[in-house]
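Heads up: the protein sequence lines correspond to chains H and U, in order. Each residue of the first sequence is one higher than the one before, counting from 1 in our numbering. Each residue of the second sequence is one higher than the one before, counting from 1 in our numbering.
Take the hints with a grain of salt, since some may be wrong.
What the hints assert, rightly or not - Stretches of chain H that chain U covers, calculated by requiring three or more beta carbons in the stretch to come under 8 angstroms of a beta carbon on chain U:
no., region
1, 4 to 13
2, 97 to 106
3, 132 to 145
Unchecked claim - Simulated restraints, written as ranges between beta carbons of each label pair:
no., chain 1, residue 1, chain 2, residue 2, range
4, H, T14, U, E422, 29 to 37 angstroms
5, H, S79, U, L299, 34 to 42 angstroms
6, H, K20, U, R249, 13 to 21 angstroms
7, H, P63, U, Q95, 47 to 55 angstroms
8, U, A297, H, D121, 50 to 58 angstroms
9, H, K7, U, K213, 15 to 23 angstroms
10, U, K213, H, L151, 19 to 27 angstroms
11, H, K122, U, E155, 29 to 37 angstroms
12, H, S79, U, D480, 53 to 61 angstroms
13, H, P117, U, K239, 57 to 65 angstroms
14, U, D669, H, K7, 27 to 35 angstroms
15, U, K242, H, K20, 25 to 33 angstroms
16, U, D193, H, L151, 33 to 41 angstroms
Everything labelled a hint here was simulated from the structure, so no lab data went into it. Beta carbons are placed, not taken as given, at the ideal position from N, Cα and C, and that holds for glycine.
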Amino acid sequence: MATITLKLNNKSHTIDADPKMPLLWAIRDLVGLTGTKYGCGIAQCGACTVHLEGKPVRSCSIPVLVAANKNVTTIEGLSSENSDVVQRAWILEQVPQCGYCQSGQIMAASALLKSKPNPSDKDIDMAMQGHICRCGTYPRIRKAIKKAAQLMAQK
Amino acid sequence: METTDRNLSRRNFIKISGLTGTALTLGIGFSASGKDMAIVRASSAETTSIEVNAWISIDTQGKVTIVNHRSEMGQGSFQSVPQMIAEELEVSLDQVNIVFAPGNGRKYGSQVTGGSSTIRGSYQKLLRLGASARHMLVETAAKRWGVAAGDCYAENGEVIHKASGKKLNYGDLVAEAAKLEPPKEVTLKNPKDYKIIRKPLPRKDTPIKVNGKAIFGLDFKLPGMLFAVVERSPRFQGKVVKFDDSETRKVPGVKFVLKVNRDEFDNMREGVAVVATNTWAAIQGRKVLKVDWDDSAFLHHNSEELYAKMRELVKGDPISFRTMGNTAKTFAKAEKKVEATYETPYESHSCMEPLNCVANVTDDKCEIWGPIQGPDWIQQNICGHLKLPPEKVIVNMTFLGGGFGRKAFTDYPYEAVMISKEIKAPVQVVWTREDDMTIGPFRPGMVYQCKGVVTEGGRIGSFETKISGQNMDLQNPGADKSAYNSSDTEGFLEGYFNSIPHYSFGDSPLDSPVPVMWWRSVYASTNAFAFESFLDELAVKAEKDPLDFRRQHLGERYQLLIDKLETVSNWKARKRNEGLPAEASAKVGYGVAITECFSSIVGEVVKVSKDSEGKIKIEKVWAVMDCGWYVNPDIIKAQIEGSIIMALGAATKHETTFNDGKAVERNFDSYKMPRIQDTPEIEVHIMDNEEKAGGVGEPALPPFTPALTNAIFDLTGKRIRKLPFSLDAIE
Chain H
1 MATITLKLNN KSHTIDADPK MPLLWAIRDL VGLTGTKYGC GIAQCGACTV
51 HLEGKPVRSC SIPVLVAANK NVTTIEGLSS ENSDVVQRAW ILEQVPQCGY
101 CQSGQIMAAS ALLKSKPNPS DKDIDMAMQG HICRCGTYPR IRKAIKKAAQ
151 LMAQK
Chain U
1 METTDRNLSR RNFIKISGLT GTALTLGIGF SASGKDMAIV RASSAETTSI
51 EVNAWISIDT QGKVTIVNHR SEMGQGSFQS VPQMIAEELE VSLDQVNIVF
101 APGNGRKYGS QVTGGSSTIR GSYQKLLRLG ASARHMLVET AAKRWGVAAG
151 DCYAENGEVI HKASGKKLNY GDLVAEAAKL EPPKEVTLKN PKDYKIIRKP
201 LPRKDTPIKV NGKAIFGLDF KLPGMLFAVV ERSPRFQGKV VKFDDSETRK
251 VPGVKFVLKV NRDEFDNMRE GVAVVATNTW AAIQGRKVLK VDWDDSAFLH
301 HNSEELYAKM RELVKGDPIS FRTMGNTAKT FAKAEKKVEA TYETPYESHS
351 CMEPLNCVAN VTDDKCEIWG PIQGPDWIQQ NICGHLKLPP EKVIVNMTFL
401 GGGFGRKAFT DYPYEAVMIS KEIKAPVQVV WTREDDMTIG PFRPGMVYQC
451 KGVVTEGGRI GSFETKISGQ NMDLQNPGAD KSAYNSSDTE GFLEGYFNSI
501 PHYSFGDSPL DSPVPVMWWR SVYASTNAFA FESFLDELAV KAEKDPLDFR
551 RQHLGERYQL LIDKLETVSN WKARKRNEGL PAEASAKVGY GVAITECFSS
601 IVGEVVKVSK DSEGKIKIEK VWAVMDCGWY VNPDIIKAQI EGSIIMALGA
651 ATKHETTFND GKAVERNFDS YKMPRIQDTP EIEVHIMDNE EKAGGVGEPA
701 LPPFTPALTN AIFDLTGKRI RKLPFSLDAI E
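Based on the provided sequences and hints, a complete structural model is requested.
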């Protein structure tokens, strides 16, 4: 066990954790933020995606120690009242069905739009192919990413 | 109503909605027979509280609360149930709070969210409930003003006197209105006057599903709650001989290790639970747990053996379900005939939210929270096991991260209850992805043998199918194994039964220890592949256009759907290289399938192309759904898109296989899912008519696969009769 400082959504949390515990479980069970989801545990589905120093990572496959003292952003940190452009686009396009995978999808889309503000279909495929949606919301995810790009361009 | 029950429901209600004060509560009372339904008024004592036996409540501020009595697993009941009631109540959805009902079949009728039944099973009574409340509010206002109720109307949460324009808010009327006798007859609105129904209104659960605030089962926490994972027999019926937890107990955070049972169709399946202060510690503890299993008492089957058995079974005499004429004789005598066998795989539901459940069992009460498709079933199940009355077993609903049939099963809540009871603490049982994917129950694998005859005139002379696979109903103890499977025809258009002179549907069930369960669209999900592929084979034999071939057997409602499908897909003008560069060597193919299940008819056309490397690309899918009366066209569109993509996965990506008595595919690295880049363009159309409401969540799944394989046949001449297949490997 180790005392670890997690910087989650610009707030410091000191936790006592097995340093090998995946960041996912530290965020969910120890800090208590449940927007980041468990889907597969082996970095195959993307439901657990968070930003580590601004880059999208699979929190199920990163030991919590690796994230210590680094900036971690979860879905809750994107914006709590849906002011973020990706969240707004997701609402406009009515993307979620069950909604379980959407935190991860949105975090991936948000990272994509930061590096490519006007992504092509190919860019979207590359950035989003690691994310499974069992409800099959993919057509709307694609539309929402394009909508978010439009909204960003209008700013 | 029992006091405890009311107090509890009220406490929960207030907690969720923040609602206090006087409220009008209307509910549907069910007679003892459970069949005759009448609208009843809540007693005066209940007007200040919120009864469970109720869908609508209004507080003195005019805030309306509508109960969704069904599970929300993505299919949209959280939106569509209130959307129906609000229409007749004349309130805007902006004025409405939506709350989940806890499990209580005596009060709500069936809450099992399956069979695409939420709208079609309850819309008439829920519309009446909304209208009845509106009538009472209008009557109250009219009385207060001393005018005739007929001179007033309701709009946007207010009653308005036509002549004077005077207005009263529902909140000002609710206390008095609650004292009125509900009207015996209510007039429902004409669909052409709908302001809310039929509108693509944005879902009220969307905002909380894009910022992490929606609480799924796995997100629900109680103070002092512990986390458990369970090592279950890797083979379906293994018994625990002994276990060694000496290493497990050394893992920091592990609190308990105990043997636990899980009820699977009344069979008790054994496991060893590791309970810890967090999920990860429980998972680590389980890794070093040593369990000796006795799994000598049953067959260690593999997929090859299961399918070999099914292929034998379809050759024998089936248990006949639905027959007309004499298919055997007609086939024997016929000149133009076709015979084909189709095979479909076992599948895992693989909801994105793995199974989980929170239970808190105290001395005299049991409370459950979880992603649950059948809260009333679970209540009944736990009442039976714990010998508790229903008011002591509270089943609370969370959002479900997918369901698809799996979460209607009672095993995982039961297991959580047993652990909590034993350790005397609230516990969340978490299934890892590997548990979720390997323990089952699964969609059953199927083999279909089809024999058909084409007449001289190019019509279907005879249509016979024999099905072998596990009949889900036969898993119940004491099930009559000689009974036919009444789902043998699910997916087949009802209209064909009026026009095909000889038909026969029957099944030869496979006996196997593999647990099986409904998987989105159930038997239609596999039947349709056989039926609609075979119809295509018959159309080829008849040398007819596949849509024309179907059309000649069908009545008006189907004709309208086929007309629409032809128009939107430009079927008649389809060309083999349409839309492709002239120099492209690639060609295109078109396929069609039309199926019917859960009272809805769906036709789909798929267009495919093949590139120079031989890879098949799905260019486009057109879907036309006739679900009769409907609520929200955008939710329907989403359900159709999702159904097609789920079907695409089962057709071309994944299957569950068995080896040595164990499921082989354990996670998404081997159980491959369709991804965003695999998704074709999908164009959806909904028929407008006055037919009764049909299902929406499932019926668009079955036609996709045969429409795809029929398109591949059109393009390549290769007939695909076994699923799954790879789009990259079509010769």
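Checklist entry - Broken hints, numbered, in rising order? => result 1, 5 and 11
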